[in-house]
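A.B. asks: Chains as they are written, first to last, in the numbering used here: chain A, 1 to 538; chain B, 1001 to 1163.
Take these hints with a grain of salt, some might be off.
Claimed, not checked - Per the computed footprint, the stretches of chain A lying under chain B, defined by three or more beta-carbons under 8 Å from a beta-carbon of chain B, are:
1. 373–384
2. 425–435
Unchecked claim - Residues of chain B placed beyond 10 Å of chain A at every Cβ, according to the derived structure:
3. His1038
4. Leu1131
5. Tyr1162
Hints in this document: simulated from the structure, not taken from any laboratory.
For every residue, glycine included, the Cβ atom is placed at its ideal position computed from N, Cα and C.
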Amino acid sequence: MKTVRSMVLVSHDQKSKANASQEVIDALQSAIKSLDLSDEVAVASIPEIGNVRNLPLVVILPEATVYAPVKPEDVPHLVEEHLYKGREVAALKVTDNDTLRKIAWLTQRKGTLPAESKIVLRNVGIVDPENIDDFLAYEGGQAFALALEMTPELVVEIIKESGLRGRGGAGFPAGIKWEAVRKAPGTKKYVICNADESEPGTFKDRVILEGDPFTIIEAMLIAAYAVGADEGYIYIRGEYQLALERVEKAIHQAREYGVLGKNIFGSGFDFDIHIHAGAGAYICGEETALLESIEGGRGEPRVKPPYPTTSGLWGKPTLINNVETFANIPPIVLNGAQWFKSFGTPSSPGTKVYTILGNVNNTGLIEVPMGITLREVISIYGKGIKAGQFKFAQTGGSSGSIIPASLQDTPMDFDSYRKVGVALGSGALLICNDTNCIVDSVRVLTRFFQEECCGKCVPCRVGTEQTWKILTNISEGRGKMEDLAHLEWLCKGMEDFSNCGLGQTAGTPIRNMLDHFRAELEAHIKLGVCPTGVCPMG
Amino acid sequence: MEENTSLSIPTIEELKHEISLILQQTKKDREDLIPILHKITQRFGYISSQALYEISSQTSIPLAEVFSVATFYRMLPTQQRGRHVILFCESLPCHVVGGREVFDALKNELKLEPGQTSKDQKWTLLTTSCLGVCDFGPVISIDGNIHGHLTPETVQDVLNKYE
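Sequences and hints are given; from them, build the entire structure.
C.D. replies: In structure tokens:
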């Protein structure tokens, strides 16, 4: 694929056409030609943009700058300033949040170029998420058609062979889960897509659902065929209104085309998908809590075993995968396990989608091969630390770890991170500079667990409350040295005795702090000062 | 998400009728409970104790279970709220890019502490965990509309947009 330096997208729907979008595209092409930029800049049109005001709209990637409304006569100046001299044209730039939010599926790829090789985000920003015809034109549906030609066992074998590991945070091998559901006794089985993404700092699943909902439907079809399920659910977090609308529309179109329903493509295979909107509870991202929630109850995790693979939704064998895991499935089926293994590291093949946030110059979503280091992420994709020095990063939302600067050259994959005692988590990379206080940050993380604890089991309910209180005391100058041993004891108790992942990992940031930032923590207690001046200290 | 501006307290007869209309579109099963509660929140702004009672008596799900499910989820309020509900994200990604200062400005501007509703019933201020729009941080959501990149100075401008 030809690599270009910049990509210019022009909205070209009915409304844009009425406002001379064709003339804008023509003017762009001639201006680019006259400045001799044809080899470096590509122009593409967006056939459907949704209900956005101020059309036509021009998006320039990789900066993801949005200009609107653009008139043909604005174009020569725009091209010369932005594409030739590298300066944004402030007067034309869109700043209102409403518009930016509606086209976020286009601009989320900030910092990356569409010509890069992508697996999970390959269609995001390229395929119209509200039009199944557009999806089909971009090889959509071919993986499912290919899967139907194979035996279900072979499909499971390919996924196993690919080494794909679940992208929800735990990194469990997907193929083994599929095989377990396939082999579980029973005729009624379910496939569930876990889109209850609520880890602080993570929004990759939202972008995938908003930008490429058809791929998830295709992946669920393949999964259902492979494990022998005929009914599926997508559990989408209630706050994700646009994702809910897009997925609903996509399912509706898929039903109209006969891709979902009875006897799909005359193969005798039935499958349909229901949407369940979450109602605001972080814990429902835990797979058994999610099942409880779909069944109409309080989202309290079940005791495992039995695992959902044998006894899931309404007691039936159930396959639950994360959105990003599903997004990997069609490319793997289409291109084969060996192709997938050519990305990433041997124990964690493929790519990983990260959200880069915090004190860096460039925030947003990236998809990179597994095994890249934190230093590379910060310097290449984050374009460096905004001010001061890199102090620590927080991965994978709250159940991730705190990565001190000393570990920034460790390859980011499941096993390398496990070896040094940290976790990759769900894909958030919150980069913090030296103006942040470790005690204050860990207190905020612990507050999250205390708030989101479902209250079912005692170690988590009491542990999150107590650790939060102790950290608040330390940050307000009332800390004692005994508190540190107490914290360690509480973390151990939560890890060993909690029922689900929330309680088991709630102590991780505290332990990371005790391991790597002891001096700063003790300064709060022994000297009564917060070295960064963030904590109120009484 | 719907704006709550036109909501007024319905009479018991209206409530009964509206809830029966909502229930007609469902199988009245246990698995429909959360979607039903969602719809009632959209229609009335919150789920009153009368509404909880009506759902229970019209579906045969025990009242205690309806109550226990409704109170578990953040988006299914059982207390009346103001006309506009502000959710402030207190998670770490917003916190490290200036969220704390924005929250102080917000509390000052509204003269409210989290969980409180203003006397004129205009605002309810709540804190929330991550809203999933972290690259716009610090973020607040007002009636479901996201306002991002806030600073203590821009808080008032955002509030002024709401009647």
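A.B. asks: Indicate, hint by hint, whether the structure satisfies it.
C.D. replies: Status of the hints after comparison with the structure:
no.: 1; hint: 373–384; result: violated (count 0)
no.: 2; hint: 425–435; result: holds (count 3)
no.: 3; hint: His1038; result: 6 Å, violated
no.: 4; hint: Leu1131; result: 6 Å, violated
no.: 5; hint: Tyr1162; result: 14 Å, holds
Comparing the model with each numbered hint stated earlier shows that hints 1, 3, 4 do not hold.
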